[in-house]
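Chemist: Letter by letter, the chains look like this.
2 protein chains.
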Amino acid sequence: MSRITERLQIKYPLIQAPMAGGITTSDLVVAVSNHGALGMIGAGYMNAVALQKQIKQIKQRTTAAFGVNVFVPGAIEWDSKRLSTSKELLQPYYERYYLRMEDISLPTEKELNDNYKQQLECIIEEKVSICSFTFGVPSPETIKQLHEHDVIVIGTATTVKEAMLIEELGMDMVVLQGAEAGGHRGNFLADPLDSQIGLMALIPQVADRISIPIIAAGGIMDQRGLHAALCLGADAVQMGTAFVLTKESGAHPLHKESIIEASGDDTVLTNVFSGKYARGIRNDFIDEMNQKNPALPTYPIQNVLTQPLRKAAKAENDSGLMSLWSGQGASLGRKQTVKELIQELMENNASNY
Amino acid sequence: MSRITERLQIKYPLIQAPMAGGITTSDLVVAVSNHGALGMIGAGYMNAVALQKQIKQIKQRTTAAFGVNVFVPGAIEWDSKRLSTSKELLQPYYERYYLRMEDISLPTEKELNDNYKQQLECIIEEKVSICSFTFGVPSPETIKQLHEHDVIVIGTATTVKEAMLIEELGMDMVVLQGAEAGGHRGNFLADPLDSQIGLMALIPQVADRISIPIIAAGGIMDQRGLHAALCLGADAVQMGTAFVLTKESGAHPLHKESIIEASGDDTVLTNVFSGKYARGIRNDFIDEMNQKNPALPTYPIQNVLTQPLRKAAKAENDSGLMSLWSGQGASLGRKQTVKELIQELMENNASNY
Numbered sequence: 005m006s007r008i009t010e011r012l013q014i015k016y017p018l019i020q021a022p023m024a025g026g027i028t029t030s031d032l033v034v035a036v037s038n039h040g041a042l043g044m045i046g047a048g049y050m051n052a053v054a055l056q057k058q059i060k061q062i063k064q065r066t067t068a069a070f071g072v073n074v075f076v077p078g079a080i081e082w083d084s085k086r087l088s089t090s091k092e093l094l095q096p097y098y099e100r101y102y103l104r105m106e107d108i109s110l111p112t113e114k115e116l117n118d119n120y121k122q123q124l125e126c127i128i129e130e131k132v133s134i135c136s137f138t139f140g141v142p143s144p145e146t147i148k149q150l151h152e153h154d155v156i157v158i159g160t161a162t163t164v165k166e167a168m169l170i171e172e173l174g175m176d177m178v179v180l181q182g183a184e185a186g187g188h189r190g191n192f193l194a195d196p197l198d199s200q201i202g203l204m205a206l207i208p209q210v211a212d213r214i215s216i217p218i219i220a221a222g223g224i225m226d227q228r229g230l231h232a233a234l235c236l237g238a239d240a241v242q243m244g245t246a247f248v249l250t251k252e253s254g255a256h257p258l259h260k261e262s263i264i265e266a267s268g269d270d271t272v273l274t275n276v277f278s279g280k281y282a283r284g285i286r287n288d289f290i291d292e293m294n295q296k297n298p299a300l301p302t303y304p305i306q307n308v309l310t311q312p313l314r315k316a317a318k319a320e321n322d323s324g325l326m327s328l329w330s331g332q333g334a335s336l337g338r339k340q341t342v343k344e345l346i347q348e349l350m351e352n353n354a355s356n357y
Numbered sequence: 005m006s007r008i009t010e011r012l013q014i015k016y017p018l019i020q021a022p023m024a025g026g027i028t029t030s031d032l033v034v035a036v037s038n039h040g041a042l043g044m045i046g047a048g049y050m051n052a053v054a055l056q057k058q059i060k061q062i063k064q065r066t067t068a069a070f071g072v073n074v075f076v077p078g079a080i081e082w083d084s085k086r087l088s089t090s091k092e093l094l095q096p097y098y099e100r101y102y103l104r105m106e107d108i109s110l111p112t113e114k115e116l117n118d119n120y121k122q123q124l125e126c127i128i129e130e131k132v133s134i135c136s137f138t139f140g141v142p143s144p145e146t147i148k149q150l151h152e153h154d155v156i157v158i159g160t161a162t163t164v165k166e167a168m169l170i171e172e173l174g175m176d177m178v179v180l181q182g183a184e185a186g187g188h189r190g191n192f193l194a195d196p197l198d199s200q201i202g203l204m205a206l207i208p209q210v211a212d213r214i215s216i217p218i219i220a221a222g223g224i225m226d227q228r229g230l231h232a233a234l235c236l237g238a239d240a241v242q243m244g245t246a247f248v249l250t251k252e253s254g255a256h257p258l259h260k261e262s263i264i265e266a267s268g269d270d271t272v273l274t275n276v277f278s279g280k281y282a283r284g285i286r287n288d289f290i291d292e293m294n295q296k297n298p299a300l301p302t303y304p305i306q307n308v309l310t311q312p313l314r315k316a317a318k319a320e321n322d323s324g325l326m327s328l329w330s331g332q333g334a335s336l337g338r339k340q341t342v343k344e345l346i347q348e349l350m351e352n353n354a355s356n357y
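Protein chains in written order, with our numbering: chain B, 5 to 357; chain G, 5 to 357.
Hint data in this document are derived by calculation from the structure and do not stem from the laboratory.
Bear in mind that the values here come from a model prediction, so they are computed numbers and not experimental data.
Warning: the hint list may mix true and false statements.
[To be verified] Derived pair list, reagent style EDC-like, types lysine to aspartate or glutamate, alpha-carbon separation capped at 20 Å:
| # | chain 1 | residue 1 | chain 2 | residue 2 |
| --- | --- | --- | --- | --- |
| 1 | G | K296 | B | D198 |
| 2 | B | K296 | G | D195 |
| 3 | B | K121 | B | E152 |
| 4 | B | K280 | G | D198 |
| 5 | G | K165 | B | E265 |
So that you can see chain B by itself, here it is in the shape it has in the complex:
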């Protein structure tokens, strides 16, 4: 048993990526943890009440370890010109679904910070043993507080420098997000476009510089990717897209379809959904917005502006307006249960971990 599986109390060096926005249902987290990997709640967009409810649900259905991921809140950049540009561009989409832009309430920094604090309090109160962070690093005080409550603290890095900072701050492990990864980029020191480093180059360079365990994420879909990541110096892998496709995930059926139907070169990095760069299957909304090439509000403003649209698109089965997050390995995915996916990944190799 390797140090990381022992530390995380899991059988396999496999973590289910904490995907926000309803994908990490209790069904998904429970199934992953019950089958020997680490289930993770993507709590990014949740309030503490909803988070607590989900944690309690999961604890009723498994005694295995699971974790929670939270977003580190940053400063909100207010730019009235970008805001009005975006509102103007989104207006036709709002009209398509009979939505009213006047109903949107933009968040304040205080609200985001308060929510983050309440999420952390909930994690401590519910004695969740693992907490990972994205979009930045927690304060030294937060790390200290979590450690005092025996919570394992995991950071997310996209570059060598970010990984080194995470170790320096005393965090316990690092998720190394390669350029291949689906969903939002976790960069926080580096520029999102300049920091697109493939795992082939990123893992060994980080492995040579830090001694905390490395969890590799991005484009890993099957045994080949798992073994390659371990060859390169990772201690475990975190997989997102492969779990999106499972029966237990909360992803919209058309989101799953778009990944299944991918032919290999289908993902793009885009900021049109949230104001922060993220990788997903190219669709109408991305193409239409790119054509206009607007300067958009940054995260979380743009995210709040498009949220009603994405919600309506799901209700109306309109994949042209959904955020179809996916990693570059999309076409390797298959629809299956969590059990089947984990069995396939570990077949003939489980004894090595």
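Once you have looked at the hints, place chain G on chain B.
Modeler: Frame of chain B, contents of chain G only:
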């Protein structure tokens, strides 16, 4: 012995990337081929006379197999506005080195096509057994002609679709260039920025779709990368940056220094040197040009415009104006001989290939 080593008549599944611009000296190609890997001449910018001379030199010093890489010429896009923008931006650099822009002679499509034909004639005449292509695919007639002379024909792809086309055209092998790779992007169907697929995702998706051997390139610097690429489904690897650093390479000492001193997140994709996107260590010229964010002439025009500057920069030891091509694995590199590099790569594993 695997099918690819047998086919290429090499001991190890390792190919030295054909880097144009004086890096693949005869010393380098001979040393690589004599130590069990495949040496490659980067003939992209050479005329047939110089190419023939180098082939003859190499044949005098080794009986082992080696290959030649050529650039497939494309249409030249003339855009007088972009041309004058670029000339204006480059003028201060020309003045710095007392160079005259009037001395530049821009190439014609006919000249490029003629040179390409002469390069291929030379390869056939000199009975070089391996020829690889970049920036496009050769015509069916060219492939047929090379096959009639028992030349193994290798294409370069950056996406699943490009790799499938290369197989469809009857080429014998494909170099799969991941987003991690240094130097010029080999994309020819895909957009250069949209086609940045990391090897972790690219290799298995291609391996599932084609049956010709796959040579993985990009960010591979040591045994970890070699093993990972083979895990993912590659048959061999092609390494560039690691060979740039060898004693035998023709890279400028400051080019080698810039790679050695890299700290992990140092490369960027840029079109400022040649009009075609390429990956290298960030320096003054890239930063200064990016600040102005100009619409530049496409390859090969911009390449010809900056050529006198790059040449002068080498003579004057000014790394701020050199094209410091490097893959994303830069900081894994070490200065050593070809023999040492290959020994290190194959140590304890040679018997497996």
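Chemist: Evaluate each hint against the coordinates.
Modeler: Now the hints, each set against the structure:
1. A threshold of 20 Å between alpha carbons decides the hint, and for K296/G with D198/B the separation of about 17 Å falls inside it, so the pair holds.
2. Between K296/B and D195/G the alpha-carbon distance is near 18 Å, which keeps this suggested pair within the 20 Å criterion.
3. Restraint check for K121/B and E152/B: the C-alpha separation of about 16 Å stays at or below 20 Å, so the hint holds.
4. A threshold of 20 Å between alpha carbons decides the hint, and for K280/B with D198/G the separation of about 17 Å falls inside it, so the pair holds.
5. Straight-line distance between C-alpha atoms of K165/G and E265/B comes to about 15 Å, which keeps the hinted pair within the 20 Å bound.
Of the hints listed earlier, there is not a single one the structure fails to meet.
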